[in-house]
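Asks: Sequence order for the protein chains is S and R. Sequential numbering from 1 applies to the first sequence in this note's numbering. Sequential numbering from 1 applies to the second sequence in this note's numbering.
Be a bit skeptical, because a hint or two may be false.
Stated by the list, open to error - Quick look at which bits of chain S chain R covers, simulated, 3 or more residues with Cβ under 8 angstroms: (1) 96-108; (2) 191-197.
Said to hold, decoys possible - If we take Cβ atoms under 8 angstroms as the criterion, some of the chain R residues that face chain S in the derived model are: (3) 33; (4) 97; (5) 303.
What the hints assert, rightly or not - With beta-carbon atoms standing in for the labels, derived distance ranges: (6) 87/S <-> 226/R: 18 to 28 angstroms; (7) 75/R <-> 183/S: 29 to 39 angstroms; (8) 97/S <-> 183/R: 48 to 58 angstroms; (9) 174/R <-> 87/S: 57 to 67 angstroms; (10) 85/S <-> 97/R: 53 to 63 angstroms; (11) 226/R <-> 45/S: 45 to 55 angstroms; (12) 377/R <-> 424/S: 47 to 57 angstroms; (13) 164/S <-> 344/R: 39 to 49 angstroms; (14) 290/R <-> 164/S: 39 to 49 angstroms; (15) 264/S <-> 139/R: 50 to 60 angstroms; (16) 226/R <-> 424/S: 33 to 43 angstroms; (17) 290/R <-> 201/S: 32 to 42 angstroms; (18) 92/R <-> 267/S: 33 to 43 angstroms.
No wet-lab data here; the hints were simulated from the structure. Idealized CB from N, CA, C, for every residue including glycine.
2 protein chains.
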Amino acid sequence: MIDPTITRVEVLDLRFPTSRESIGSDAVNKNPDYSAAYCILRTDSELTGYGLTFTLGRGNELCVGAARYLAGFVQNRRLSALTDDLRAFSRQLTDDSQFRWLGPEKGVTHLAAAALINAVWDLYARQQNKPLWRLLADMTSDQILRLVDFRYIDDAITEQEALALLNAQRKGREERIADLERSGYPAYTTSVGWFGFSDEKVRSLCHEALAQGWQHFKLKVGSEPADDLRRAALVRDEIGGSSKLMMDANQRWGVNEAIDRTRELAAFHPWWMEEPTSPDDILGHARIRRESGVRIATGEHCQNRVMFKQLLQANAIDVCQIDSCRLAGVNENLAVLLMAAKFGVPVCPHAGGVGLCEYVQHLSAFDYIAVSGSLENRVTEYVDHLHEHFVDPVRIRNAHYLLPTQPGYSAEMYPQTLKDYSFPDGKVWRDLA
Amino acid sequence: MIDPTITRVEVLDLRFPTSRESIGSDAVNKNPDYSAAYCILRTDSELTGYGLTFTLGRGNELCVGAARYLAGFVQNRRLSALTDDLRAFSRQLTDDSQFRWLGPEKGVTHLAAAALINAVWDLYARQQNKPLWRLLADMTSDQILRLVDFRYIDDAITEQEALALLNAQRKGREERIADLERSGYPAYTTSVGWFGFSDEKVRSLCHEALAQGWQHFKLKVGSEPADDLRRAALVRDEIGGSSKLMMDANQRWGVNEAIDRTRELAAFHPWWMEEPTSPDDILGHARIRRESGVRIATGEHCQNRVMFKQLLQANAIDVCQIDSCRLAGVNENLAVLLMAAKFGVPVCPHAGGVGLCEYVQHLSAFDYIAVSGSLENRVTEYVDHLHEHFVDPVRIRNAHYLLPTQPGYSAEMYPQTLKDYSFPDGKVWRDLA
Chain S
1 MIDPTITRVE VLDLRFPTSR ESIGSDAVNK NPDYSAAYCI LRTDSELTGY GLTFTLGRGN
61 ELCVGAARYL AGFVQNRRLS ALTDDLRAFS RQLTDDSQFR WLGPEKGVTH LAAAALINAV
121 WDLYARQQNK PLWRLLADMT SDQILRLVDF RYIDDAITEQ EALALLNAQR KGREERIADL
181 ERSGYPAYTT SVGWFGFSDE KVRSLCHEAL AQGWQHFKLK VGSEPADDLR RAALVRDEIG
241 GSSKLMMDAN QRWGVNEAID RTRELAAFHP WWMEEPTSPD DILGHARIRR ESGVRIATGE
301 HCQNRVMFKQ LLQANAIDVC QIDSCRLAGV NENLAVLLMA AKFGVPVCPH AGGVGLCEYV
361 QHLSAFDYIA VSGSLENRVT EYVDHLHEHF VDPVRIRNAH YLLPTQPGYS AEMYPQTLKD
421 YSFPDGKVWR DLA
Chain R
1 MIDPTITRVE VLDLRFPTSR ESIGSDAVNK NPDYSAAYCI LRTDSELTGY GLTFTLGRGN
61 ELCVGAARYL AGFVQNRRLS ALTDDLRAFS RQLTDDSQFR WLGPEKGVTH LAAAALINAV
121 WDLYARQQNK PLWRLLADMT SDQILRLVDF RYIDDAITEQ EALALLNAQR KGREERIADL
181 ERSGYPAYTT SVGWFGFSDE KVRSLCHEAL AQGWQHFKLK VGSEPADDLR RAALVRDEIG
241 GSSKLMMDAN QRWGVNEAID RTRELAAFHP WWMEEPTSPD DILGHARIRR ESGVRIATGE
301 HCQNRVMFKQ LLQANAIDVC QIDSCRLAGV NENLAVLLMA AKFGVPVCPH AGGVGLCEYV
361 QHLSAFDYIA VSGSLENRVT EYVDHLHEHF VDPVRIRNAH YLLPTQPGYS AEMYPQTLKD
421 YSFPDGKVWR DLA
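Isolated chain S (complex conformation) (with noise of 0.2 angstroms):
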């Protein structure tokens, strides 16, 4: 096998013009760009490594600064200097000893590790010809713990514990494995009820997706009580009440308004309350919970394993929602899989954007077949927009997210996206302007 020198390091600017058709609006995202930082690895071989972190448009330009800093610990690096070590590897990324003090480990400088961190991962896929959930299916359970930094959750697991859970969880692996190939992992969507969408909008997305299979729908809530009320009737009565209907609120009230307004809607049955309140507001959830009743969703703007730490800690969450970019890449997301293993609360991955449906269906399968071994109370949210650009781009059937089969972990785009996404000087960006 080929051990490929890293060579180059390739950092693009690339934002795709959303906010033009309010996909992605919601409470407080009122007009998304999404974008990524987006990292080529170019090597002395024929293997090149693909990574990106997400962000939803200005401010992306200091996430690609932020990763052509850390490039310089990939650079003229050979692959195997990484992956022999890849626990070292994602210290080393996020634990500068004068870049630190601009997180640690949050904001700008953790989502721009998050971008070089999975390009390794892609390249390591690649190398070893393997998509990337296959990649960490076949390795043994000692090689998934060095993987992971237990720095500052050792309180919460140890490596023996996580050892222990790994190896629980071997047997049965090749039926669970089977049962992904055949069915795919469930999945549900969030493209029918985005804030700046109309009434009939909604409905007739809601009529669409129940004919396509779909049987779990998110709305976006935050706005007036009495249309987030309106809006959870028409979904609940376009979709029936046996579908599960969530609802996300993106951070918008405070904790006692986020309590009233729950309870409120909890008329409506929902399946879970996500970003009831600020994402740091750890006792605040976990209030939220205890006082509304209601299923507490939280984590696409949790920084770090620290902080899903505690969530756990605290009962604050039933649903951890893990973030392909906004955690460091894929190591630290299996610290935090292990963690939600531990306390028994399911992982239903945060998706949408660009890239990240592409990025999460193989930590969702990874979690499946090697560390919560269940499906149950679990899907992986979907969102219908932008994966024309990617290579190998997630394949839905029937509500679920199909196995990926090439090697790799799926965030490369064609070249021409990289080209006219470009900003601020690609053809979109120039034609818009």
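Use these hints to put chain R onto chain S, whose structure you have.
Replies: Frame of chain S; chain R shown alone:
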């Protein structure tokens, strides 16, 4: 009174090569080059506003980039358009609908918001011809209240509670101001015990500091246990039993390790243990506090008011260490002062770096005058370097900060400093290259 229009915002990347003398070295921050993203607000009058955020060197350019974007919220606006509603202005800088994805309210983007908000306050205080602490102290309780964004904290303190608290401290204000004018605000020194200093150097620095009247001394811990114990014994021996010894682990430990190590070091009667673990670990700090029996301090890396709220709600800290630049400038610091007062936790600001001492002297003075009304268990950090670059530097007498008397927020640096320390093209950096 003139109402200047901000015509141009300059943002400079200033770095000081402090790592060459182990100044600022601790268990985690091995080699900081104290740096600032430095904002200059030029106006159509003779008034100019100066503000900064503090970093450790690499990555400072990201804060500069973020501040240049946020400068758009300041540019071409009249000062009164900002100061008439400073709550709304600070919300604009921290809640941009695309930019907030990069936080929200944390890391690079929040540090950058601090620089601009602090610069606007400097300009405002100069316009009013008052030092910042006096500008705040002269406000009515209602005016102060309207500076604070209560979003996400109103479950811990309501506007009514904050108002009552401010009104209760109207009494005795003039006496407290007179007290500060007479004696200054108590300070402690961190300059004796940096990580990279030899035992001999620590010993002689303690000796000198004692002779200068210092009674509170901070020691950096978090190295090999035997080394920490030796250094703690050495400092305790040198400063005697009646001086206060604070220990600072700078996030070095996991929760369990922090409990063990803090218990061991308790033999030397630390007045507090600072940053024993991850700054994000609210529940961890609470456990370390309960199980070690030592007073716990944290805050220099506490990303925003939502985290401080929880540290207070969870009984996790005995000492609240606000940072003038980590939080989004004066406004968010006021929110934390109010919460700390409500929970009865003393505020002892983090300082040092470059410009932080110049800033926090104003916040501590205002806290005493109008919020907490008390000096009990309160000392402000003092570190003795880089003050020579400031036009109106801190003045220390008998281990107290003397009240600033010049108009503004004390962050103006000499033009020669701005030239020489610009990175990477200033003379200092060219000479080092």
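Asks: None of the hints should be skipped; say for each whether it holds.
Replies: Quick rundown of the hints versus the structure:
1. 96-108: holds (count 13)
2. 191-197: It is violated, with 0 qualifying residues against the three required.
3. 33: Holds, about 7 angstroms.
4. 97: holds (5 angstroms)
5. 303: holds (7 angstroms)
6. 87/S <-> 226/R: 18 to 28 angstroms: holds (27 angstroms)
7. 75/R <-> 183/S: 29 to 39 angstroms: Hint violated: Cβ distance 56 angstroms, outside 29 to 39 angstroms.
8. 97/S <-> 183/R: 48 to 58 angstroms: Roughly 39 angstroms apart at Cβ, these two residues miss the hinted range, so it is violated.
9. 174/R <-> 87/S: 57 to 67 angstroms: holds (59 angstroms)
10. 85/S <-> 97/R: 53 to 63 angstroms: violated (40 angstroms)
11. 226/R <-> 45/S: 45 to 55 angstroms: holds (48 angstroms)
12. 377/R <-> 424/S: 47 to 57 angstroms: For residue 377/R and residue 424/S the Cβ distance comes to about 53 angstroms; the hint holds.
13. 164/S <-> 344/R: 39 to 49 angstroms: holds (44 angstroms)
14. 290/R <-> 164/S: 39 to 49 angstroms: This hint is violated: roughly 28 angstroms between Cβ atoms.
15. 264/S <-> 139/R: 50 to 60 angstroms: Violated, at about 38 angstroms.
16. 226/R <-> 424/S: 33 to 43 angstroms: Taking Cβ atoms as reference, residue 226/R and residue 424/S lie about 57 angstroms apart, which means the hint is violated.
17. 290/R <-> 201/S: 32 to 42 angstroms: About 53 angstroms separates the Cβ atoms of residue 290/R and residue 201/S, which means 32 to 42 angstroms is violated.
18. 92/R <-> 267/S: 33 to 43 angstroms: holds (36 angstroms)
When the structure is compared with the earlier hints, violations turn up for hints 2, 7, 8, 10, 14, 15, 16 and 17 and for no others.
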